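A.B. asks: So the chains spell out like this:
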Amino acid sequence: MSEHTVSAYDDELTAMAGKVAEMGGLAEKAFADAVSALVSQDLALAKSTIVQDERLDNLHQDIEEKLIEMIVRRQPMGQDLREITAATRIANDLERVGDLAKNVAKRVIAIDSDLQNKKLAIGVEHMTELALSQLKKVLDAYSSKDAEAARRVQEADAEVDAIYTSLFRELLTYMMEDPRSITQCVHLLFCAKNIERIGDHATNIAENVYYMVTGERLPEDREKMDETTGTA
Amino acid sequence: MNEMPNIEQATAMTESKISADKVQVYYGDNHAIKDVDIEIQPRSVTAFIGPSGCGKSTFLRTINRMNDTIEFCRVEGSIRIDGEDIYDPKVDPVQLRAKVGMVFQKPNPFPKSIYDNIAYGPRIHGLARNKSELDDIVSSSLQKAGLWDEVKDRLDEPGTGMSGGQQQRLCIARAIAVSPEVILMDEPCSALDPIATAKVEELIDELRENYTIVIVTHSMQQAARVSQRTAFFHLGVLVEEGPTDNIFTNPKDKRTQDYITGRFG
Numbered sequence: 001m002s003e004h005t006v007s008a009y010d011d012e013l014t015a016m017a018g019k020v021a022e023m024g025g026l027a028e029k030a031f032a033d034a035v036s037a038l039v040s041q042d043l044a045l046a047k048s049t050i051v052q053d054e055r056l057d058n059l060h061q062d063i064e065e066k067l068i069e070m071i072v073r074r075q076p077m078g079q080d081l082r083e084i085t086a087a088t089r090i091a092n093d094l095e096r097v098g099d100l101a102k103n104v105a106k107r108v109i110a111i112d113s114d115l116q117n118k119k120l121a122i123g124v125e126h127m128t129e130l131a132l133s134q135l136k137k138v139l140d141a142y143s144s145k146d147a148e149a150a151r152r153v154q155e156a157d158a159e160v161d162a163i164y165t166s167l168f169r170e171l172l173t174y175m176m177e178d179p180r181s182i183t184q185c186v187h188l189l190f191c192a193k194n195i196e197r198i199g200d201h202a203t204n205i206a207e208n209v210y211y212m213v214t215g216e217r218l219p220e221d222r223e224k225m226d227e228t229t230g231t232a
Numbered sequence: 001m002n003e004m005p006n007i008e009q010a011t012a013m014t015e016s017k018i019s020a021d022k023v024q025v026y027y028g029d030n031h032a033i034k035d036v037d038i039e040i041q042p043r044s045v046t047a048f049i050g051p052s053g054c055g056k057s058t059f060l061r062t063i064n065r066m067n068d069t070i071e072f073c074r075v076e077g078s079i080r081i082d083g084e085d086i087y088d089p090k091v092d093p094v095q096l097r098a099k100v101g102m103v104f105q106k107p108n109p110f111p112k113s114i115y116d117n118i119a120y121g122p123r124i125h126g127l128a129r130n131k132s133e134l135d136d137i138v139s140s141s142l143q144k145a146g147l148w149d150e151v152k153d154r155l156d157e158p159g160t161g162m163s164g165g166q167q168q169r170l171c172i173a174r175a176i177a178v179s180p181e182v183i184l185m186d187e188p189c190s191a192l193d194p195i196a197t198a199k200v201e202e203l204i205d206e207l208r209e210n211y212t213i214v215i216v217t218h219s220m221q222q223a224a225r226v227s228q229r230t231a232f233f234h235l236g237v238l239v240e241e242g243p244t245d246n247i248f249t250n251p252k253d254k255r256t257q258d259y260i261t262g263r264f265g
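If you're matching them up, the sequences are chains A and B in order.
Letter 113 of the first sequence, counting from 1, is numbered 113 in our numbering, and no numbers are missing.
Letter 116 of the second sequence, counting from 1, is numbered 116 in our numbering, and no numbers are missing.
Derived from the structure by calculation, the hints contain no laboratory data.
Note that the structure is a prediction, hence the values are computed from the model and not measured.
Check before you lean on any hint, since a few could be wrong.
Stated by the list, open to error - Think about it this way: if two alpha-carbon atoms lie no more than 25 Å apart in a straight line, the pair counts; the simulated PhoX-like pairs of lysine-lysine are:
1. A:Lys-118 - A:Lys-137
2. A:Lys-145 - B:Lys-112
3. A:Lys-118 - A:Lys-29
4. A:Lys-145 - A:Lys-47
5. A:Lys-145 - B:Lys-144
6. B:Lys-112 - B:Lys-90
As the list claims (entries may be wrong) - Which residues of chain A face chain B? A few of them, derived with a C-beta cut under 10 Å, are:
7. Val-6
8. Met-77
9. Asp-80
10. Thr-214
11. Gly-215
12. Glu-216
All C-beta atoms in this analysis are idealised placements derived from N, C-alpha and C, irrespective of residue type, glycine included.
This is chain B alone, in the form it adopts within the complex:
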């Protein structure tokens, strides 16, 4: 009886959405990420936790090559999405970022209308053949982000005029609009109040059905609430990764234990 779930788990493990193998990141001489191996499961939420400067955001940014924009930053090892090496010279970073969307700490809507915020990505990627298709993408993205009812009558108003929580959900809707497969979130709720946070967390839980989500968070309670798996980073090393419940009730590594129980300086 006990054998069955293990076999299922093993099968699931072989179908990782993202696999990182011996990933190193250097900022000049600073070795920021050391030998990180991780398998990220499709259609699930994986949380990266760890103290400030542990490399969790740096590692997150390697997944859609955001570090390419930083001078002196060098990435080694391999990161594959659906088996394809994203650092292959043939890969177009712009196409990659359409497939791997990102949401940042501070909501950063474009200084444009709500409609144009969503329509921007589909336009540059040529995802809509005409105005009516574009309208459909805008409305369905806003619906998926749980924002439609709040904004449907004011799509031409500026996105920057919305509340912080609405802006963040607008950014999530904007990420969804280009039909990504993976959504990376770098502390998406740290600038939001508890109610806006709860709405974003609810949204993350719904998005999990269709997307692979990786979230960096400083709030362990948030990691515990939204994720199925949790990875703990410390000093550029991936210390421990496993089912979220295990990480928070019975972590294997002393460093994880010290961090989650608040024993770390």
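The shape of chain A in the complex, shown without the other chains:
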């Protein structure tokens, strides 16, 4: 798109998108680190992930202030208005992703013992891979303003939900088989739920990217795949 008559406005918009992308990078890393700390019971990594969340929070606050300032000073319209509202929402989602990752890291410390069942760890890792790739793809879609890529991310969320449902059932089975595993399994269940929520945030971001680019709402055309809601 051509440039604004007031060039400082372009600089502000570019800087804003850059900061949101930076938040995206931090959120991705926090998420990946938290899960790898979980799988390998790496307490040091878990602790550093918890500490790192502050950076994400600070960046989020900084972006919010800049966005409000731009609304006051520029009275954004059209595409600019959509970019600014999308950035606000995406920054909120990324901040939540950071919180969820931090919560997983806290549970690593709470579990503080090797995972009794490697199969569960594999399930969690697999789910993480998918959710992480969703997050990566949607952040790329944001940077390249690609509405089609955003739409594909929304569609793929069903897979993350399906894995969550199967993990949920597996965990229930283990808890029934061996009540001593309940504490660990409940922690893992929350971790899995957090990862599933991260997938949902990626979907939210996808919807915002789609709206930002096209000005249209992305139709929600899929059934909710999470079948645990009735039982959980």
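Given chain A, put chain B in place with the hints provided.
C.D. replies: For chain B alone, kept in the frame of chain A given last:
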């Protein structure tokens, strides 16, 4: 479920207050307005926006034939109000302008008393049979313009002695006094401070219940605040017209997008 509003909208569209069809305006050789088609809805506010010289004011002035007064100005195509062609030779421009009132950029009260400013139009159009009817028109017009409480005790003072914002509302009251159906406003707030602007905008919103209002404004924020529909003009062409919210959040044409986001020279 989704079908219903569309049907309603379609019905409303057929009952336009003003319909312009292939309107061309020439100033001598200069083709100032090109092929403008627009339907303007009754009892609503339509905003015309666009850069200077885009033809929005010229087009506004065709709606009450103000361009008739300009030599070398020629209007082609048709403009109908309630289905009646206003450029029909049988139409008396003076009667037309009573039906289609106008408010200008700079408040232009007559150098007369506040009372006479309002009473002038009703007098020449013979709208009042006696003094008491005229008094009623003056007070109700000033009330509708939200000015009554401020001026009721000094109706014999000159209109030119009021503040700019009051003068502009006096001009709106003067336009209302001849019971128009359409009110055209050409940048009515550009000479006013923010508070006077807010009062005029509040007034526009109230007047919308009874009148069809078309406003030309350079302030996009104003267009967004007061209008239900917005039309964007550029180089004499009507580029895009639609619900105000859509125009300002998701315009369809790149030229509209560039203009509203400040990307245009």
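A.B. asks: Confirm or reject each hint.
C.D. replies: Going down the list of hints, with the structure as the test:
no. : hint                  : verdict
1   : A:Lys-118 - A:Lys-137 : violated, 28 Å
2   : A:Lys-145 - B:Lys-112 : violated, 61 Å
3   : A:Lys-118 - A:Lys-29  : holds, 23 Å
4   : A:Lys-145 - A:Lys-47  : violated, 35 Å
5   : A:Lys-145 - B:Lys-144 : violated, 49 Å
6   : B:Lys-112 - B:Lys-90  : violated, 33 Å
7   : Val-6                 : holds, 6 Å
8   : Met-77                : holds, 4 Å
9   : Asp-80                : holds, 5 Å
10  : Thr-214               : holds, 8 Å
11  : Gly-215               : holds, 3 Å
12  : Glu-216               : holds, 7 Å
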